[in-house]
Amino acid sequence: MRRIPRGTLLVLVLAWLVVYPLALVFVESVRGGGGGDVGWTLAHVRAFAGSSYEWTALWGSVWISFASVGLAGAIGIPVAFVFERLDFPGRRVLGALVALPAVLPPLVGVIAFLFLYGESGIVPRLVMTVFGLEGAPWRLRGAGAILLVHAYSMYVYFYLFTRAGLARVDRSMLEAAGSLGASRRETLFRVILPLLRPQIAAAALLTFMTSLGSFSAPYIFGGGFRVMTTQIVTTKLNGDLSLAMVETAALAVVALMGLWLLQRSRGSRSVVILSKGAPPAARAIVQPVARWLAAGVGWTFAFLLLLPHLTLLLVSFVPLGTWTTEWLPPTYALGNYAAVFSEPERLRPLVNSVWMAAAATIGALALALWAGRVIVQQRARLGRLIEMLTNVPWAVPGTVLAIAVATTFSVNAPWIGRVVLVGTVLILPLAYLIRNVPIATGSVLAGFRQLDPSLDEAASSLGAGRVRTLVSVTVPLLRPAILAGGALAFATALGDFVTSIVLYTFDTRPVSIEILSLLRQFDLGTAAAYGVILMAISAAAMLVGTRR
Amino acid sequence: MTERPFLEVRGLSKKFGDHVAVDNLSLDVPRGSVLALLGPSGSGKTTTLRVLAGFESPDAGSVTVDGEEVTSLSPSARRFGMVFQHYALFPHLTVEENVAFGLRDRDGRTARVLEMLALVDLADLGSRNVDQLSGGQQQRVALARALAPSPRLLLLDEPLSNLDPALRDRTRRELKAALVRVGITSVFVTHDQEEAFAIGDMVAVLRNGALEQVGSPPELYEEPATVFVATFVGRAGVLPGRFTNRGVTVEGEMTIPARTPAPLAEGHPVVVVIRPEHAHFVSHGGVPGIVRSRTYMGGRALFRVETETGVLEVDAPVDAAEKGERVQVTAERALAFAADETS
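Order-wise, the sequence lines are chains U and R. The opening residue of the first sequence carries number 8 in my numbering; numbering runs sequentially from there. The opening residue of the second sequence carries number 456 in my numbering; numbering runs sequentially from there.
One or more hints might be untrue.
Said to hold, decoys possible - Cβ pair distances, simulated, as ranges:
#1 U:Arg92 / R:Ala578: 35 to 45 angstroms
#2 U:Thr307 / R:Glu523: 57 to 67 angstroms
#3 U:Ala74 / R:Gly497: 51 to 61 angstroms
#4 R:Asp795 / U:Pro460: 56 to 66 angstroms
#5 R:Asp576 / U:Pro460: 36 to 46 angstroms
#6 R:Gly638 / U:Arg486: 57 to 67 angstroms
By construction, these hints were calculated from the structure, which means they are not laboratory data. All C-beta atoms, glycine included, are put in the ideal place defined by N, C-alpha and C.
For reference, chain U alone in the conformation it holds in the complex (with noise of 0.2 angstroms):
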């Protein structure tokens, strides 16, 4: 009899969850639509191509992402040399609360915005009220607007990967560099840049990935202006469901090009830095003017970054109807905040979110034990297979894994895999752990990797069984892993708005979706509320899930 390499039973369930779905998107756009008895078609897909509507909305989610890619990395590789690299009074503070867009869910951020620098936001009302206009002097719509969304909240990509680059570029190679004669402007193009090139590649990866699965920002500020990810959901929500498919293939293809470009611009020649030295110390700025006006930046610049937070917060006191024309609320109440925990309509988005976030991460953590278990302990064949297929969803924009899991569980077919569950309390949870799969098996991959194999074989050679050995040794040495990777895949699934919109019924909405509703009812406070809520779980989460 031959023997099933290790590791099958995880493959068949990993492509179960992220494979056959998105095939299933592939198929259905080729397919006659309703019954599925109707054989095949390309009548979608020309349709599709014949039409500049559909177009021109790829279009727009492409050159959004590259703009996005351009704009996030002009901010954020000069702010991280500078936190990395100069001493200023408050730099360590201040290099941890730059980080903070990336606390704000996506549709949090967007409606933070909306009430600070919308039409009738603060900013506009206050520069309506200085200097006397009768209108907004601006409307926050359209590319603009989308653009600053992204490049505020993705920006932190590249600050955080070129810190950590900067931090492991090694002392010696810069003093090599000089006494080698390069000047610093020298050293930085032809050393420290070419050495970061590996991070700031994958911070590109990462923001032109999220741009283009970007949704809250179009849905809300897109106005004329639309992308791909918004249209998937109006095209399914007008009931054609195969424009839909064809929608979310293309969008996905797209996708999957741009992953391999930008996989290819990492660079093949591995970058390994070789010593083992000291990273160079900050160079402290001893001219007292310079440290202040230093410090002076450092400081707008977090305020500013803060301030979406801060609105929030602010807005989120304010009874329903009492902010009408002053730039500022006049009347504060904690009225919102005891709406949402007395009322139970109003609990209810806030309970669905936290326990479908809960039961996603413990899901997506199993698997990921599961994988790293197979792929590093047992060093199966199939390991590179299965850590592929861990990445799928990450390559694909919410909207599509959100479209793709809607057509799998709609169907009532389980000897080819597929169930009902669209419309049960099951979909979402399912939906969100199916996205949590990368975050969680990159961490705990990453934390396995460091584990010494030899602490396994330890442990067994002093008498302790499989069972003994993970609970004893393998989980506690992998808990700070665990930890991060739930914690990120927690907070993730929780202010998770785009496979929400796809898939939720009345029932289990969740917060973001009550968010949207409550904007449409102009309820900005129980919104602001629900808004702060998230962010503080969220946060609470990080600091759990990053504690040493």
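Assemble the complex: chain U is given as a structure, and chain R must be docked to it using the hints.
Coordinates of chain R only, in the frame set by chain U:
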């Protein structure tokens, strides 16, 4: 009239907070010669090198090269080459690109790279990535890269410490040969006495940031100025004793002929340093002691003998004594240092 030294270091001092890393250090290095900075860790040798290179600025003192004071010049303006302890090769560049990094002129760049790679015997590895090289090869690339722009002075920071012992010996000879062939004035840092003696024309022994002694290897070995130099440079046993007009008297009332760096009064307490090759086992009349260990070194062995007042080392044929045996040791000569000046 003697030629002015090529490298002159005058009164160099460097503090890190309260810690004095370099303490009023002065050194001269003649053109074309190799100076080794030797000392235990924390002796300030690496800081001295980094000040010479311009990576640290001194609190006091000056560095002059070929008559030009460079103390306040940036590293890139000094035209010094540097070989780093961990080599600091650029991982994103090939071997050739690393060597070419410091070459400004396009003309002749390729030829110069080839010349340098040939010098370090790596002519056929130019297109390799540096992470595909062995430790010894990386060290040679680092040397070629530092020498390529024809620096005025070459600085080497523990250039052999990253190599395994078998490779170190060969690389040491190759490094010495390359330095001799190029004829470049060099300063290199090491904590290994053998390495300092093998490569350095002159050796400066540092302790706590200050210069203990500078001299040629035979001078340091035969005429050390302090107990520290005597025991740090080469193996030695140490016993307390008294100065007499016939030498030094140690325990067992044995008298050994000895030289001292400065004249001493009769009866002055001294620290007596005895090299293993000057010590012998005798059947009677020596310092009594017990053999604590025997270490094989080729055909002979090094015996550690514990006596009442100290420990002696004896270089003798392997079968001269057994571990645990009671023996008597005498010495044909010794070095003596006034006891109150050392502690």
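Item checked: Violated constraints from the hint list, given by number and in increasing order -> 2
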